[in-house]
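Chemist: Protein chains in written order, with this note's numbering: chain A, 1 to 367; chain B, 368 to 661.
The set of hints was computed from the structure by calculation and includes no laboratory data.
In this text the structure is predicted, and so the values were computed from the model without any measurement.
Hints may be right or wrong, so weigh each one.
Which residues of chain A face chain B? A few of them, derived with a C-beta cut under 8 Å, are [unchecked claim]:
no.	residue
1	Y13
2	P39
3	S40
4	G53
5	P74
6	N85
7	A87
8	Y89
9	P90
10	H91
11	L104
12	F107
13	F235
Which bits of chain B does chain A cover? Going by a derived footprint, with three or more residues having C-beta under 8 Å, they are [as the list claims (entries may be wrong)]:
no.	segment
14	509-521
15	608-622
16	635-649
All C-beta atoms in this analysis are idealised placements derived from N, C-alpha and C, irrespective of residue type, glycine included.
Now for the letters of each chain:
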Amino acid sequence: MEELVLDRVAKYYGDSSAKAVSDFNLNVQEKEFIVLVGPSGCGKSTTLRMIAGLEEISEGELRIGGQRMNDVAPKDRDIAMVFQNYALYPHMTVYDNMAFGLKLRKFSKTEIDERVRKAADILGLEEYLTRKPKALSGGQRQRVALGRAIVRDAKLFLMDEPLSNLDAKLRVQMRAEISKLHQRLGTTTVYVTHDQTEAMTMATRLVVMKDGLIQQIGTPKEVYENPANVFVGGFIGSPAMNFFTGKVAAGRFMIGNVSVAIPDTSYEILKKGGYEGKEVILGIRPEHISEKEEVLAECPESIMDVEVDVAELTGAEMMVYSSINGQSFIARLSADVHVQPRQHLRLAFDMKKVHFFTKDTENRITL
Amino acid sequence: MLAQLMTLFTSMELRSEKPSAVHSSKYVFEYEDRWLVVDKKEVSSREYALLSSLLKEVARPVGNTMAYEWIQFLKGQGDVPMQAGRDIRITQLFFEKPTTPLREVEEAVHAFFEDNIRLLPVSSQLAFLVEKVSTYIQTDEDYLSFAAALESDFFIKTKLFIGKFHQADSTFPAFFKQEEDLFTKGLSLLPDQQILTVESIFPSLLIQELPDHLHSVLQCQVVEPVSHDTELLKTVRTFFENGFNASVTAEKLHIHRNTLQYRLSKFQEKTGITVRNFDGALIAYYASLLADRT
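Could you build all of it, start to finish, from the sequences and the hints given here?
Modeler: Written as structure tokens, this is what we have:
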């Protein structure tokens, strides 16, 4: 069943020509974990707040559980929110923080106690119930914030960058905890983040946004493997996809005087699309550029001799920064590769994995 | 009758708006859709009996004495309701939709700030938070967290104007009036910002109040030369807003540092303005605000 539907939803402040969110269409199924991801100012938080009812919807329709919600008061939407800055009361105990929302809704003391203790058990907070937030670590505070949402037993969880205040290590730990929590509770969740790794690891589906517009909706794998445009290719994945602007000519992609062979089937499509002799953008993931002998042997027509600018050993991998005719790129190589700056290296593009994007719209050309 | 009453009771005031908070030392009576407020000490028991039989008395809300005194003080119509001379600041709390009663919000304020901050309900859409200077000064982040707590528990969207500390003396009401006016303007100038301060509103206000000839200087010298490349003004603005930090700016815009350098150079090339020096940054920043408005 569709739990949440956003149908041509838009948001503008005052003048309708400057839209914070435009033509937003999304159908969310029950128990899905949807992640809205994009750079700051892309409209993801505004969208979340429209779902919550904290921002009015300027255009379009919002439905929760099949019911139109545009004019329903936020408190009657059966949602619970979790924020980046925890939104905890410093002078209340953990127990009272979790109980406060229920108290406002006039739940009985027994019911409140039952719900708070159950949430504390789920989140491993039983021993902290009498503490105040300042006596807790960042991760524990965020767990209390989650607890405040869980006790409501809401139909929909809305989370706005809930892990942004945590350090990198704790963030990794907490994102796994949130995923586990979602598996356990099965509550439909809409989660906002600017962190593409968080988005990739947690989402059942991603909604990539830029400038108030949806760029792509899909599973993390779909979005990673088939980005809709240059923006999505560059935003999802770390390090980002490499892009080269060049010309399609006689079955090859020319980056100045360097060229690589385009696989026949792809070239036919490009030719039919009228791209012969024209500039397009080639996108390739860092892991699809290789130094391995077997790849070099497999792709003899896409081997290049490049000079290493920077080589970074990350532990399991070696990140090599280089450029081809002034267009920089990163290759993710095996940690066994020992290279130094200014050293020359033979690398091959796995041309079966590359994408082509039009130069004007920057949209992916379907091959 | 009104004129006679006013002559008889010198402290009597006629108000067109129903008083939101009434001091225990006053009586309030309804009078033809208006309200008469009079000092109790000026009214004898016999006069009170007479007034009550002629006019309908408005019951005084319980527990609002302190709020009333503060609001009178902020209006410049009363003494400082605390030890004079201490520094205070007022954070104005605006509720996007009428919110009543505020009793539960008061509980939230106490749970959040304890005794450091007092909530003064003004109307169903406005309240003031009075903060006395103390060893811990609430940060913008604290107020943002407070606003999030209200959103999460009460589902009410708030906007806050965080005032500046100022001595609580007879000069405070005029100082506060300035902040009230700024907040009113800020609400319409920056509708998507939740936390407002003098410094966040002032640049936009300056652009709004800019005379035409200066408006056209900014337009011709900065906005037009880059009008075909909308990314440039956004880029330089983000650069300023992030303290000229190239790494943070590049991360915020999700571009490579080299792309940022390229855009900053391109901006300089098109406008002749060096954004890395203060004068250049200032004019480019104002131009970006102007471009936003137009």
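Chemist: Hey, does the F107 (chain A) contact hint survive, CB to chain B under 8 Å?
Modeler: It is violated, given that the least Cβ distance between F107 (chain A) and chain B is near 13 Å, above 8 Å.
Chemist: May I ask you to test the interface hint for P90 (chain A) with respect to chain B, counting a Cβ-Cβ separation under 8 Å as satisfied?
Modeler: 6 Å, holds
Chemist: If you look at each residue in the segment 635-649 of chain B, do at least three have a Cβ nearer than 8 Å to any Cβ of chain A?
Modeler: Violated - the segment 635-649 of chain B has 0 residues with a Cβ nearer than 8 Å to chain A, which falls short of three.
Chemist: Taking the closest Cβ pair, is P39 (chain A) under 8 Å from chain B?
Modeler: Constraint on P39 (chain A) satisfied, holds at 4 Å.
Chemist: Close enough to count: is the Cβ of S40 (chain A) nearer than 8 Å to one in chain B?
Modeler: Interface hint status for S40 (chain A): holds (6 Å vs cutoff 8 Å).
Chemist: Tell me if the interface restraint on A87 (chain A) is satisfied: Cβ within less than 8 Å of some Cβ in chain B.
Modeler: 4 Å, holds
Chemist: So is the segment 608-622 of chain B in contact with chain A by the C-beta rule, three or more residues under 8 Å, or is the coverage claim wrong?
Modeler: This one holds; 3 residues, not fewer than the three required, reach chain A with a Cβ under 8 Å.
Chemist: Hint check: is the beta carbon of F235 (chain A) less than 8 Å from a beta carbon of chain B?
Modeler: 6 Å, holds
Chemist: Would the hint on H91 (chain A) be counted as holding, given a Cβ-Cβ threshold of 8 Å to chain B?
Modeler: Where the cut-off is 8 Å and the nearest Cβ of chain B is about 5 Å from H91 (chain A), the hint holds.
Chemist: Can you take a look at whether the segment 509-521 of chain B is actually covered by chain A? Rule is 3+ residues, C-beta closer than 8 Å.
Modeler: holds (count 8)
Chemist: Just to be careful: measuring from the Cβ of L104 (chain A) to every Cβ in chain B, is the smallest value less than 8 Å?
Modeler: 6 Å, holds
Chemist: For the hint on Y13 (chain A), just tell me whether its beta-carbon gets within less than 8 Å of chain B.
Modeler: OK, holds: Y13 (chain A) within 8 Å of chain B, min 4 Å.
Figure legend: structure checked against the earlier numbered hints; hints not met, in rising order: 12, 16.
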